[in-house]
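*Asks:* The lines below spell out each chain.
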Amino acid sequence: MTILVIAEHNNAVLAAATLNTVAAAKAIGGDIHVLVAGAGCAAIGEAAAKIEGVSKVLVADDAAYANQLPENVAPLIAELAKNYSHVLAAATTNGKNFLPRVAAKLDVDQISEIIAVESADTFKRPIYAGNAIATVQSSAPIKVITVRATGFDPVNAEGGSAAVEQVSGTGDAGVSAFVGEELAKSDRPELTAAKIVVSGGRGMQNGDNFKHLYSLADKLGAAVGASRAAVDAGFVPNDMQVGQTGKIVAPQLYIAVGISGAIQHLAGMKDSKVIVAINKDEEAPIFQVADYGLVGDLFQILPELEELV
Amino acid sequence: MKILVAVKRVVDYNVKVRVKPDNSGVDLANVKMSMNPFCEIAVEEAVRLKEKGVASEIVVVSIGPTAAQEQLRTALALGADRAVLVESTEELNSLAVAKLLKAVVDKEQPQLVILGKQAIDSDNNQTGQMLGALTGFAQGTFASKVEVSGDKVNVEREIDGGAQTVALNLPAIVTTDLRLNEPRYASLPNIMKAKKKPLEVLTPDALGVVTTSTVKTLKVEAPAARSAGIKVKSVAELVEKLKNEAKVI
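The listed protein sequences derive, respectively, from chains A and B. Counting in our numbering, the first sequence runs from 5 upward without gaps. Counting in our numbering, the second sequence runs from 1427 upward without gaps.
Below, simulated DSSO-like cross-link-like pairs (lysine-lysine); rule was C-alpha separation at most 27 Å, straight line: (1) K109/A / K1578/B; (2) K1428/B / K1476/B; (3) K1657/B / K215/A; (4) K199/A / K1669/B; (5) K1659/B / K199/A; (6) K199/A / K1657/B; (7) K1659/B / K223/A; (8) K30/A / K1645/B; (9) K223/A / K1667/B; (10) K1667/B / K199/A; (11) K277/A / K1657/B; (12) K109/A / K1533/B; (13) K1533/B / K1623/B; (14) K30/A / K1642/B; (15) K1669/B / K223/A; (16) K277/A / K1673/B; (17) K1621/B / K1476/B; (18) K284/A / K1667/B; (19) K277/A / K1442/B; (20) K284/A / K1442/B; (21) K109/A / K1528/B; (22) K1669/B / K284/A; (23) K1659/B / K215/A; (24) K1673/B / K215/A; (25) K1442/B / K128/A; (26) K1669/B / K277/A; (27) K1578/B / K1428/B; (28) K1673/B / K223/A; (29) K86/A / K1528/B; (30) K1645/B / K277/A; (31) K277/A / K1659/B; (32) K86/A / K1642/B; (33) K1446/B / K128/A; (34) K277/A / K1667/B; (35) K1571/B / K189/A; (36) K1673/B / K284/A; (37) K109/A / K60/A; (38) K109/A / K1428/B; (39) K1645/B / K128/A; (40) K284/A / K1657/B.
Keep in mind that the hints were calculated from the coordinates and are not lab data.
Let the hints inform the model, and build the full structure from the sequences given.
*Replies:* What follows is the structure, encoded as structure tokens:
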């Protein structure tokens, strides 16, 4: 049994999610190979070779893979996949983009966002935004799987010494082109990758008041999120929305400020390790899932909290 | 240009689902069903493209039980021109759905296929991408902006940490993310008119598609319940607990 893990990277840095994905591969068991598809990505290949538990790294260095266009990357992975029992990618926007295309090319079902490995063919995955956990078994000859990073503790980035092998590319499918990218210039961590998330709800009253959350977040090294109510009210843009139809987060610490705790929101954050709720309404449903609740006026509490952390 | 929009009938997003006592699935008896929120955004985008004169016809398709006709009628009330239901009582996986949609694409020959990025029941986020593989079309997933110009469509995509723009040859596939648009509500006159719009019913057999799956659900469980913790009395106590008890800051 040999498992192919697709490295998540931007040609400059190997993303941490790759380490969680290798951890899932380790839980399945067997030899672990890593594919680095990119352009000018030799350094990523070297970094991948050092990951604990990886026995071989395949590098496909081709201009067609520079931006991970799924039309170009999927044929390469599908071709290589024929030599493997499992193909794993992180459930990032990138992995989610190309991997189903690989599965369909191989004519197998994909198993999305596993959070646990029961055996080599049986996995747990959340459905209904995490309100239920399904245990699914695959009889597919090649098991194509995306891995939710928060479900697996990362393996060490150092300690391995895998052989690096170049593989030839499958070229440009010629149906799509990369135009540009605008990455958020925020110094704050990305919501879904942050260890601490501070979120505001309707109780923030307006967008300007979110500055209290930003300054607290900066002190904690946290990302800032929002409830759907805060987004719908126009306080903040909807890429900050945490919830069933927004982003699903599972940080070490989630601080919900002025959020009542609608089902929609809880679905997006209830897998957080520790939840803190700050709300003036002591009956708010958010307190039913919070490890630590503080009832009071958030405009008094926030400055004091920022002072003390 | 013809646009095909795929919609799914799912549990309404405001419903708190409960796992059945025998762990065979979630209890959907007497639960409010709606159009998947991402599919509503897909319908809205198609209607806007028609209003701009980019699209000439919108065909909406759903794969599911007879009752999915309700969601198709909703799409018709929002502005789709006609509807196709591929009727199946089975719970189909994304690959089977993509194969059925491929058969409908072959029949309808749309220039653009718009789907929601994922259904909020199975949370797979696969169908659009799989349809891309089966048709060979380019895909713009998690779209926050769609602009058709000539024989290309530019799609701005929501990616981790920002936005990416890709140019796709038509025909192409777009899957919607939240920021693409805010769906309108159907007006009463349009709901009445939608009742008279054509709705064709097909079967997987008639489309020549085999829908077997390689994935079996062994059980469905409720997630580990979170119990309510404690109420702290002051900010100082909160910070002390976070530092010394939870050790998260």
